[in-house]
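Could you slot chain S onto chain R? The hints should help.
Number of protein chains: 2
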Amino acid sequence: MTKYVYSFKEGSKEMKSLLGGKGANLAEMKRIGLPVPSGFTVTTEACNFYFQNNHKINEKLQKEINKHLELLEKEEGKKLGDNKNPLLLSIRSGAVISMPGMMDTVLNLGLNDDTVEALAKQTSNYRFAYDSYRRFVQMFGDVVLKIPKYEFDRTLDKVKDKYNAKLDTDLSYENLKEVVDLYKKIIYKHTKKEFPQNPKEQLLMAIKAVFDSWKNERAIIYRRINDIKESLATAVNVQSMVFGNTGKYSGTGVAFTRNPVTGERKVFGEFLINAQGEDVVAGIRTPKEISELKDILPKVYGEFIKTCEKLEEHYKDMQDIEFTVEDKRLYLLQTRTAKRTAQSATKIAVDMVKEKVISKDEALLRVTPEQVNRLLHPSFDEEELKRSKKIAKGLPASPGAASGKVYFTSEKAVEVSKNGEDVILVRTETSPEDIEGMVESRGILTSRGGMTSHAAVVARGMGKCCVAGCSEIVVEEENRLFKVGDLVIKEGEYISIDGMKGNIYKGLIHTRSPELSDDFKVFMKWADDKRKLGVRTNADTPKDSKIAIDFGAEGIGLCRTEHMFFSDKRINAVREMILSDNKDDRVKALDKLFPYQKEDFYNIFKEMKHRPVTVRLLDPPLHEFLPSEEKDIKNVAKKLNLDLSHLKEKIMKLKEFNPMLGHRGCRLGISYPEIYEMQVKAIFTAAIEAKKKLDINPHPEIMIPLIGDKRELKFLRELVCSSADKIFQKEDSVITYKVGTMIEVPRAALTSDEIANYADFFSYGTNDLTQMTFGFSRDDSGEFIREYKERKILQKDPFESIDINGVGKLMKMSVEAAKKKKENIKLGICGEHGGEENSIKFCHKLGLDYVSCSPFRVPGARLAAAQVTIKE
Amino acid sequence: MTKYVYSFKEGSKEMKSLLGGKGANLAEMKRIGLPVPSGFTVTTEACNFYFQNNHKINEKLQKEINKHLELLEKEEGKKLGDNKNPLLLSIRSGAVISMPGMMDTVLNLGLNDDTVEALAKQTSNYRFAYDSYRRFVQMFGDVVLKIPKYEFDRTLDKVKDKYNAKLDTDLSYENLKEVVDLYKKIIYKHTKKEFPQNPKEQLLMAIKAVFDSWKNERAIIYRRINDIKESLATAVNVQSMVFGNTGKYSGTGVAFTRNPVTGERKVFGEFLINAQGEDVVAGIRTPKEISELKDILPKVYGEFIKTCEKLEEHYKDMQDIEFTVEDKRLYLLQTRTAKRTAQSATKIAVDMVKEKVISKDEALLRVTPEQVNRLLHPSFDEEELKRSKKIAKGLPASPGAASGKVYFTSEKAVEVSKNGEDVILVRTETSPEDIEGMVESRGILTSRGGMTSHAAVVARGMGKCCVAGCSEIVVEEENRLFKVGDLVIKEGEYISIDGMKGNIYKGLIHTRSPELSDDFKVFMKWADDKRKLGVRTNADTPKDSKIAIDFGAEGIGLCRTEHMFFSDKRINAVREMILSDNKDDRVKALDKLFPYQKEDFYNIFKEMKHRPVTVRLLDPPLHEFLPSEEKDIKNVAKKLNLDLSHLKEKIMKLKEFNPMLGHRGCRLGISYPEIYEMQVKAIFTAAIEAKKKLDINPHPEIMIPLIGDKRELKFLRELVCSSADKIFQKEDSVITYKVGTMIEVPRAALTSDEIANYADFFSYGTNDLTQMTFGFSRDDSGEFIREYKERKILQKDPFESIDINGVGKLMKMSVEAAKKKKENIKLGICGEHGGEENSIKFCHKLGLDYVSCSPFRVPGARLAAAQVTIKE
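Chains as they are written, first to last, in the working numbering: chain R, 216 to 1087; chain S, 216 to 1087.
If you are wondering where the hints come from, they were derived from the structure by calculation, not from laboratory data. Among the hints, a few may not be true.
Same chains, same label: a pair holds when it works inside one copy or across any pair of copies.
[Claimed, not checked] The calculated SDA-like cross-link candidates involving lysine to any residue, where the alpha carbons are at most 25 angstroms apart (straight line), are: (1) Lys1036 / Gly1023; (2) Lys854 / Glu864; (3) Lys373 / Pro810; (4) Lys868 / Ser646; (5) Lys953 / Met1028; (6) Lys870 / Thr624; (7) Lys929 / Gln1010; (8) Lys868 / Asp847; (9) Lys271 / Asn431; (10) Lys747 / Ile1040; (11) Lys863 / Glu644; (12) Lys1011 / Arg926; (13) Lys531 / Glu585; (14) Lys521 / Lys1086; (15) Lys408 / Asn390; (16) Lys275 / Lys896.
Since the model is a prediction, treat every value here as computed from it, not as a measurement.
Okay, chain R solo, but in the shape it has when bound:
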């Protein structure tokens, strides 16, 4: 028969899934001899059983609870509801995965009009007894009876005003008694029943309330956000009360065994004298720093510090502790692994290796890749943040924090940033034409598009803060404003955006820059020693390349060439090329672009030196380079000396219904081989020049986008090789290079055996592969993907983390087919997934050679790659 209740003496920290985190750790602390008030835990299984049983506590469970209550009474020598020596209880939830503040607690249970008197007499402390009673009635009313908390708060404030009491502690025993009477009236008003005087009834009601709190709204939301399964359920801990509110030798507090912000090895925390747990959180009085306890209760302090050491030693990790002092006696009420900042996590991991507490492998598992990434981005000043008004929330598209004045066009952003203004570029969605504006802005906010929209991808590439797809805002570019509900933010007004959380704030919030510590460097070195997967970067400029190398990238896995086409000097030549009616004119325009492209590649090779540089030949549809607004079209017609109606006709002809599935990628290279020829010529001329001038040995890898059929690659491979040969002959120098393709069209994955014949490498372009496998346009699907996640149709956004069941299956088929055909084919990934933890783990298991991601995600990728190796 299932056992639903465990005494603390029966449990251990390994029993978390049954006893919840709190229960398991209370038992564990008891087991290792720490001062923990006695009690028992009603299991998570009991909770699930309760839900299945129509939210009823059945007889069997009730019996088990009663049995453990009796044992507890015996142990404590007190009795629940006893008129002379009453046992009081705390009832606390205990989920398997900590959900701080999400669920309910009832303290001082067992008090009623009789037992409060007994407690008063027994302790000779009427004030304490009635303070406890007041607290209990309030908590019970709030948590168990669901009466709005503010009614109690307001009543308490009124009584405080009446007696001119500044703090709760200024209230006398009589005052508190008056409060209790008023509270009882509130309860009667709401429930039409008297406050329950029977402690056993109180107990069952409280246990039920904790069970039910597992399904309250805030818990549901928290679980959804943190991906916690509902079936885990919560345990309930019933524990003998200890009192921090018996007077000046009592108190309560929370502490961390190290500094959770900096990682410094020094106990960190705060406490309140003459108070119960909730007072610390509520902020009614200002708590004192833990070190001050030394002066007030030196012996207790010493004991506490030792306990902290013991706990760390036992758990081999920083702990987050709740404690109470009752008349100079220390009790521990909770311990758990402490949450910490990224900086602290790294420092503690490195320190604990030095302290020989944990191994390097353990240390590497202690920090999440996301934390590592967070270290690289600026964050808001926490104090200013608290005072700021959050006005909307979008997708956390690119981490970091930024404040600036809003502007709605790239031109304007460029213009005002030249005057030294900080700009947040706000657009419905960005397009490649906005690149310059994005470069000049502090952050980017869009109302459309998902985690892999243009704005998101480019911003992450730049390491620039971006909140994307914020559908709450309506951008009215023509009116130079955006709206959030009734709120209107006009051009030039300040906003602040948090790219890690997706939050938008009104007004300016200052940011702090990151400093990479020596600990960080040591830590990352350990990760590199461990990992098997290579880590490259997606970088299109020498600047990005440099950043990525600093962050540990081993090469470029994706250098997009289209971004190079947008700057002012080039775009006209690009447009001239596109608008040419014949090959000769196209070649002439391409000749103008050649020196720019050559210089681009030269400077990238200069940064990357011997490291491989995968250059993707031109990918986007040509219409992306043409203007769409009437006035811009007129400008271009004038600049290029073209007939306006002819230009418009041409633009119309190039327009596509679904550009994503249109005339782009290798399809362009096949229609206009001269474009790819120019690019290949630029790459190899630059490589040879770099080799000669800089005495380095560049390793270009030419990547053909959007291949769907082997014949496309055969055609273009021949074109690349013959163009390269021409340069080698002309320059009398040879560069070692590879030719490969992106696998981003489902058909390419399906026919990888055929395609492998013509490829030295495959790079999985999982952005497009996901788009086509799901039939989700990344620019349009943000809204319904969010809906799908809410309805649990999708567990995760497939643009964030590789969809292993579908897209992953295609990748697996492809990898197997390719390796069968060509054992040594090099395999990588250059979709945005290359920087995401679970996707990196999947790539490791698939047997890829490397992942490639934006520069600011490189360290996280290095760590994720190390972690999956360790876990294997």
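Frame of chain R; chain S shown alone:
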């Protein structure tokens, strides 16, 4: 050692691939005792060897030719180049697959200044000898020496003028001799060499010329159009000459053993007296009907008719014959299976079964599915067609022929057609808003979009003629005209379009309607007896349903509900629904649509009776139902009493970058369950009403579009079933139904095992599956798919015929996974491929239960399904 030359005595009709069609059949005719002049065939292997050998005839081949020449000389008792008894030869190409008129022929080879005199003396016919010499020099100059033919023609005309000769036959021996001398000068002028007098040299040069003609431009184009491999090569037939130009008892002609247009069993053909083969083709004199030969040369005629019978009996098919009569002696120069019209093909197949010449299975293989389909569509009057000017060519998107005045908007088309005018609707591309205009037009012409563009799909569904993606034309809707180069066609001008060939003509051409013969019905019955694959139809209206049943459809495989939303009364309710800000308003608008939808389904059930009707719930993105033009937006705002700027905002918000991959299909059903609920309610209310009122037993199959994940289908299946249950309870009646999904998103194919759990049937939506597997937008890819076909990157347009390597692989995975999970799952296809021959064969092999296609393709599909069963 490879044998490169075969005597006619060595060959047979089975040796086509080696000897070419002509050579094999000459040998065969010789074998069965028909009068064929002797000769030999240089094989296709020799031709390929010649190409590999740098276009040179090597010594070995030359030896073999000489050996066979000697044998021929011995047989004929004549000698090539002999001054007394010269052998003359005809040199003709012979491809494996007949390429009429594409390649080269040289007659009368062996003549020179000496042998012509010998021939004259021997035959006592100077005129004949010099006529032959004149012909030879001209043909040799044209075919072998590549001198422009018009130079010879002009010279001949000049001499004719000079001697006042009306016809060639009016020229005397002296005149012809003068022509020969002038011809020789032309040759010298062009080649700087004398006309070659050595007959052996002439022979080798002629053989080379025939080989080379395999790679001339018109042959290359013909092969590309007809999908003939270059490696098949051509053979060369060297044959002793017989002469139709020796006088009034000689002649030459071509004939069919039956009527190739009607199929009537009567020899059909024409001949010329005193002429050589090329004269018939050249049309210099008007040939006589074959029956007239009876009067002129009755014995020869009798012999010829007997020969025709013998050939048909031997080949068991209608033959196309070339013959020559030399001094009352009949010679056969060629026989081959005759090309024929669709009507003729069907009649002959049925007749030959009745005549016990072939079996039913053989008969079914004698007609192509495409021919059957052609029988259903009107075609142009052939005479008028010849006189008409072809101005452009697009994709043959939907067969048939249509003439009408051009109009550029749906509204205008509807308006003028009401006045009885025939309309050709000309658009850049059609959209669902154009449906009414399309219905009212005789034909549709678009400048954009491919074989599965909206225009193409809808037109085929309607059995309406359509030419799509005609990129040569530029449509200027605002100016109410379109341009083809310099030609401008204005609103109201007549054009004619041929949807079978893709041709566009200026002006009116009358059309003829098809009449379905009894033969056709008998033939289709045989097909139905044979086939295993079910054939359903894609039909959205009662009218289409009726047509499809008449054409033999066994059910509806795809009933699209969105087309039902466009008619005038409904569209406003649809728009109201879309523009609603909350569910209540949406439900109100949907309530208005419900009675229409119910009626739609009622009438379809009425036509379809017990047959299954697969209804696809709403699929397209909602913005397709909203106006895009400024003035239409204003109208809608007025009609629905909406704030204009609010309406515009809403339209902006719904706009998508890639609608193909956007918020559509089941994604709509999940966001707005009330839409699907209304549709399901309409289907089942209609089915119950039909059951009660009409005493029929409808079989609805509810099909959910665009499923990519099992959870989508689970959610929507539950919605369908619970909505159905509600109706059943309310109406106190039950309808048997199925719930299934389209497999059109690659991920659905990849996870078919999971999805099968929630589906009673799968229908492969190969249009979208092809779009996403290739990453080809069907609206945008027409142009580059054409280019891909030209460059041989694609063999076929994957929207026309299933791409077996890629899309087919996905389908195969899906079928296997689904059947493994659920043995009895029903599998069909409803993409446009369901009507295409090769795709139908693939579906049969995959083990699908049925194909579904537009009504007018149903008979072709029935035949294709029968053929694949026979061939198995």
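At 25 angstroms max between alpha carbons, let me know whether Lys1011 reaches Arg926 within a copy, between copies, both or neither. between (36 angstroms within a copy, 13 angstroms between copies)
I want to check one pair: Lys373 and Pro810. Are their C-alpha atoms no more than 25 angstroms apart within a copy, between two copies, both, or neither? neither (79 angstroms within a copy, 62 angstroms between copies)
Same-copy or cross-copy closeness of Lys929 to Gln1010 [CA-CA at most 25 angstroms]: between (39 angstroms within a copy, 15 angstroms between copies)
Tell me, please, which holds for Lys408 and Asn390 at an alpha-carbon limit of 25 angstroms: within, between, both or neither? within (24 angstroms within a copy, 132 angstroms between copies)
When no copy is specified for Lys863 and Glu644, does a C-alpha distance of 25 angstroms or less occur within a copy, between copies, both, or neither? Both. Shortest intra-copy (23 angstroms) and inter-copy (17 angstroms) distances satisfy the 25 angstroms Cα cut-off.
Between the shortest in-copy and the shortest cross-copy C-alpha distance, which are at most 25 angstroms for Lys953 and Met1028: within, between, both, or neither? within (23 angstroms within a copy, 33 angstroms between copies)
Between the shortest in-copy and the shortest cross-copy C-alpha distance, which are at most 25 angstroms for Lys521 and Lys1086: within, between, both, or neither? This pair counts as neither: shortest intra-copy Cα distance 33 angstroms, inter-copy 88 angstroms.
For Lys1036 and Gly1023, with the copy left unspecified, which applies at a CA distance of at most 25 angstroms: within, between, both, or neither? both (20 angstroms within a copy, 21 angstroms between copies)
How would you classify Lys854 and Glu864 at a CA-CA limit of 25 angstroms: within, between, both, or neither? Classified as within: same-chain Cα gap 17 angstroms, cross-chain 34 angstroms, threshold 25 angstroms.
Between copies, within a copy, both or neither: which fits Lys275 and Lys896 at Cα up to 25 angstroms? neither (81 angstroms within a copy, 48 angstroms between copies)
I want to check one pair: Lys271 and Asn431. Are their C-alpha atoms no more than 25 angstroms apart within a copy, between two copies, both, or neither? Within one copy only: 17 angstroms inside a chain, 90 angstroms across chains, cut-off 25 angstroms.
Pop the pair Lys868 and Ser646 into one bin, within, between, both or neither, using alpha-carbon distances up to 25 angstroms. both (20 angstroms within a copy, 17 angstroms between copies)
The structure fails hints 3, 14 and 16 (numbered hints given earlier, in ascending order).
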